[in-house]
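As you go down the protein sequences, you meet chains V and G in turn. Numbering-wise, the UniProt record's numbering puts 278 at position 278 of the first sequence, and it's gapless, one number per residue. Numbering-wise, the UniProt record's numbering puts 355 at position 355 of the second sequence, and it's gapless, one number per residue.
Just so you know, these hints were derived from the structure itself, not from any lab. Treat each hint with caution, since some may be false.
To give a feel for the contact side, a few chain V residues facing chain G, derived at Cβ under 7 Å [said to hold, decoys possible]:
1. K2
2. G6
3. P13
4. T76
5. V236
6. P305
7. L307
8. E311
With a straight-line Cα cutoff of 20 Å, these simulated DMTMM-like cross-link-like pairs (lysine to aspartate or glutamate) come out [claimed, not checked]:
9. K210/G to D131/G
10. K103/V to E226/G
11. K159/G to E263/G
12. K159/G to D131/G
13. K308/G to E352/V
14. K308/V to E43/G
15. K319/V to E43/G
16. K2/V to E43/G
17. K103/G to E122/G
18. K353/G to E298/G
19. K252/G to E263/G
20. K319/G to E88/V
21. K106/V to E226/G
22. K2/G to D26/V
Glycine residues also receive a C-beta, built at the ideal position from the N, C-alpha and C atoms.
Now for the letters of each chain:
Number of protein chains: 2
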Amino acid sequence: MKHNFGAGPGILPQEVLKQAAAGVLDFNGIGLSILEISHRSPEFEAVLDEAVRLVKELFEVPEGYSVLFLQGGASTQFALVPFNLLPEGGTAAYVETGVWANKALKEAKFFGNVAVVATAKEANFTYIPKDFTDPADAAYLHITSNNTIYGTQLQEFPKSSAPLVCDMSSDIFSRKVNVSDFGLIYAGAQKNMGPAGTTLVIVKDELLGKTGRAIPSMFNYQTQIEGGSMYNTPPVFPIYVSMLTLRWLKAKGGVEAIQKENEAKAHVLYEEIDRNPLFKGVCVPEDRSHMNVCFLVENPEHEKPFLKFAESKGIEGIKGHRSAGGFRASIYNALPISSVYVLIEAMQEFAEKNK
Amino acid sequence: MKHNFGAGPGILPQEVLKQAAAGVLDFNGIGLSILEISHRSPEFEAVLDEAVRLVKELFEVPEGYSVLFLQGGASTQFALVPFNLLPEGGTAAYVETGVWANKALKEAKFFGNVAVVATAKEANFTYIPKDFTDPADAAYLHITSNNTIYGTQLQEFPKSSAPLVCDMSSDIFSRKVNVSDFGLIYAGAQKNMGPAGTTLVIVKDELLGKTGRAIPSMFNYQTQIEGGSMYNTPPVFPIYVSMLTLRWLKAKGGVEAIQKENEAKAHVLYEEIDRNPLFKGVCVPEDRSHMNVCFLVENPEHEKPFLKFAESKGIEGIKGHRSAGGFRASIYNALPISSVYVLIEAMQEFAEKNK
Chain V
1 MKHNFGAGPG ILPQEVLKQA AAGVLDFNGI GLSILEISHR SPEFEAVLDE
51 AVRLVKELFE VPEGYSVLFL QGGASTQFAL VPFNLLPEGG TAAYVETGVW
101 ANKALKEAKF FGNVAVVATA KEANFTYIPK DFTDPADAAY LHITSNNTIY
151 GTQLQEFPKS SAPLVCDMSS DIFSRKVNVS DFGLIYAGAQ KNMGPAGTTL
201 VIVKDELLGK TGRAIPSMFN YQTQIEGGSM YNTPPVFPIY VSMLTLRWLK
251 AKGGVEAIQK ENEAKAHVLY EEIDRNPLFK GVCVPEDRSH MNVCFLVENP
301 EHEKPFLKFA ESKGIEGIKG HRSAGGFRAS IYNALPISSV YVLIEAMQEF
351 AEKNK
Chain G
1 MKHNFGAGPG ILPQEVLKQA AAGVLDFNGI GLSILEISHR SPEFEAVLDE
51 AVRLVKELFE VPEGYSVLFL QGGASTQFAL VPFNLLPEGG TAAYVETGVW
101 ANKALKEAKF FGNVAVVATA KEANFTYIPK DFTDPADAAY LHITSNNTIY
151 GTQLQEFPKS SAPLVCDMSS DIFSRKVNVS DFGLIYAGAQ KNMGPAGTTL
201 VIVKDELLGK TGRAIPSMFN YQTQIEGGSM YNTPPVFPIY VSMLTLRWLK
251 AKGGVEAIQK ENEAKAHVLY EEIDRNPLFK GVCVPEDRSH MNVCFLVENP
301 EHEKPFLKFA ESKGIEGIKG HRSAGGFRAS IYNALPISSV YVLIEAMQEF
351 AEKNK
């Protein structure tokens, strides 16, 4: 049995995979595959409707927000956010908490001015900067809720008079969030919500249409809202599997229930990292991510052997990102706590052998 | 048994669906689903490499062209083509052969001037306009090789001194094409190449980087080329199924072999439409599509009953597009000629009952 700690595209629930495979052969018993039916068919429209409804329900999305399933990943949103929200000559504020935040702010520069109000670059992004002046005059304040590469996470969101825009790609639906605190939330599906190929956007309608800029149809959130995420052919299968994953989450008790599980998984794993003399954490404890647990070996000579040892136990995907090194165990929603215990046992067994 | 004549997302080969479903459960026996592995894993890199290689082989793509698998559908390309190829103040030439050509030229207006060098709008797009002046000064000449909605197809491509840009979404890999005649070819996968969620782009490298315009990373073909279609997480599963479909096409004998089958399918079906007194074709015979066969009933009262009768024979998806009416039988690569004969027999039986 494999224990999938990969950082993304990441683990999906086994029952979702079974349902998805069945749908590829024969979708809901209609005699056709989900891959070969029209997106305008009542069958797929029901899928998209349910996906949107589940997002609204699970995240308690208030009135006045639209929920979109788009394409292009969070990297496309890095450009679409300023395209739609940053007026010519205006300024957007960014908190730089890692590689993805940095990529986001670079794209904003194509559309206007960027103010980096805080950065943790000098400490290799091992903490979340929290003290900065409220960028009251900015078109928006952009934050990244979880830093997949270095393993930090915002445990509280900043207060801001400018609309808060948040990239939640790697922790969406992992914990309760007050959507009304945000102007826009976006997330690539492939870490916590579904497979690669679709991107969730939750946007406060009243923020749109104010830049004075002409926006091509596919890049304009308003076109996508009017088209109900079907201005053109949507990514049918990625949306289908995301819907199945959201349905699974609801059946598990929703975001509140999964948050408890995620906290328990993170707690036992960090406890072992702190306790085990062979390993050490990377980030400031108060900013540690509950999704991507980054850790190092005290003795660099143990790095390769531990990776190999873990693999022999069926543990997959714990090699750290090339820009961070060490190990990274991604413990997304679909990863059972039993897999975390397998990793902990492997760490203990390895320490026992190497003491 | 269902006979899937849907216009898109359209029919896929049964063996591809079986392989795809197996990959969702356990990809190549690695113990993980294709939906939950890293796009940077050697397993997925091999998939993407093979997909690119198969495109090059099947379409005989010459040196100097790049092959990309992107997201966003052809509708995104409507904007990316002028974003990347139309300099500020420059003019792009468009041939307007239907709804999709019209949508493409509208997006170009966000980036520069548009010259519509020919249109068939006055005849409700039932023919392909062929006489127009070579737009020698244009940044490019844009054409749409097949008109999915009205059922026309360019049987010959125009000569042009400007680079030829072609939307081949609905007939890619259905017939031989001389790629070196084109500056850029693009196609949404979901009609003839795979499921919804990925878009093929074949671009002549030397055309890029000449607009003087700063282009956000995800919209810049050069970024995508440098990233090998992996500047960010690609749509893993849609690319996988496209690769399986291309592999299937190669095993069938490639584009030349499928072209013969497609011509045979179109020939027998149009023959029946012309012969059967209850039905009539929509388009000028010389411009008729070999992919989307549009036809009408002579007596409008026969429309609904024939649709119902066809459905009773397992025939799916032949209702015409809302803007064209009547019937449309899409006979993409994966549709076997046996299904075409089922439709022909239904037409004959219906005519017998209603004479």
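Structure-inconsistent hints, enumerated in ascending order: 3, 6, 7, 8, 9, 11, 13 and 20
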